[in-house]
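Asks: Protein chains in written order, with the numbering used here: chain F, 1 to 114; chain W, 1 to 115.
Everything labelled a hint here was simulated from the structure, so no lab data went into it.
Yeah, the Cβ is synthetic: ideal placement off N, Cα and C, and Gly gets one too.
Some, not all, of what chain F presents toward chain W, calculated at C-beta under 8 Å:
| id | residue |
| --- | --- |
| 1 | 42 |
| 2 | 46 |
| 3 | 90 |
| 4 | 100 |
| 5 | 102 |
| 6 | 105 |
With a Cα cut of at most 27 Å, we get these calculated DSS-like pairs of lysine-lysine:
| id | chain 1 | residue 1 | chain 2 | residue 2 |
| --- | --- | --- | --- | --- |
| 7 | W | 83 | W | 57 |
| 8 | F | 49 | F | 71 |
| 9 | W | 42 | W | 57 |
| 10 | F | 61 | F | 71 |
| 11 | W | 42 | F | 49 |
| 12 | F | 49 | F | 69 |
| 13 | W | 42 | F | 58 |
| 14 | F | 69 | W | 42 |
| 15 | F | 58 | F | 71 |
| 16 | W | 42 | F | 61 |
| 17 | F | 71 | W | 42 |
| 18 | F | 49 | W | 57 |
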Amino acid sequence: AQSVSQHNHHVILSEAASLELGCNYSYGGTVNLFWYVQYPGQHLQLLLKYFSGDPLVKGIKGFEAEFIKSKFSFNLRKPSVQWSDTAEYFCAVNCSGGYNKLIFGAGTRLAVHP
Amino acid sequence: EPEVTQTPSHQVTQMGQEVILRCVPISNHLYFYWYRQILGQKVEFLVSFYNNEISEKSEIFDDQFSVERPDGSNFTLKIRSTKLEDSAMYFCASSEASGLTDTQYFGPGTRLTVL
Numbered sequence: 001a002q003s004v005s006q007h008n009h010h011v012i013l014s015e016a017a018s019l020e021l022g023c024n025y026s027y028g029g030t031v032n033l034f035w036y037v038q039y040p041g042q043h044l045q046l047l048l049k050y051f052s053g054d055p056l057v058k059g060i061k062g063f064e065a066e067f068i069k070s071k072f073s074f075n076l077r078k079p080s081v082q083w084s085d086t087a088e089y090f091c092a093v094n095c096s097g098g099y100n101k102l103i104f105g106a107g108t109r110l111a112v113h114p
Numbered sequence: 001e002p003e004v005t006q007t008p009s010h011q012v013t014q015m016g017q018e019v020i021l022r023c024v025p026i027s028n029h030l031y032f033y034w035y036r037q038i039l040g041q042k043v044e045f046l047v048s049f050y051n052n053e054i055s056e057k058s059e060i061f062d063d064q065f066s067v068e069r070p071d072g073s074n075f076t077l078k079i080r081s082t083k084l085e086d087s088a089m090y091f092c093a094s095s096e097a098s099g100l101t102d103t104q105y106f107g108p109g110t111r112l113t114v115l
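Bound-form chain F, shown alone (with noise of 0.2 Å):
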């Protein structure tokens, strides 16, 4: 079945910190790739998405994502964290065949402290 590993459940950095939070993924076939953002209070939001082309892509406020076809992988990163960046962190993914079900992972809370 397939599946969506997120290692990190809790991140904790400083304003200014490089981010990278890790995703993996277990399908064999077809797959586009999200990371969706919930800031406290507030409903998912697409921060970005793969779905061909340019493994390296880029979304809203300055988070970045590479999709590595040969680990399953498609990590979150941004260079530098703000205070605002605290949220929960999901990274998600769409696998051919699957009538566009969603399969999200547990999720990474990132608390930026100033």
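Mind docking chain W on chain F? Use the hints.
Replies: Same frame as chain F, now just chain W:
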């Protein structure tokens, strides 16, 4: 920017009662979804819906659950006889189409508490 909306934001009910959670998808979207997130657990897919039919459902979506698009704007999730374990945040989502390249946009969620 168009948004998916959900009502109510919080619903408290007694075990065994029926609840209806409401969603208004983005107006030109044709595909609708329900997901849920039990506290501390992953966001889980429940059901997808298109053209007044269920496209896919998970094993969670048993006979106690049903979905409906009663008019041109609303999309509802009904739980016929709630159980304690139905307590969760329920998210509605919609997308323009159902291809792999289509993005799902999520509503703010309804927190369901079953007592």
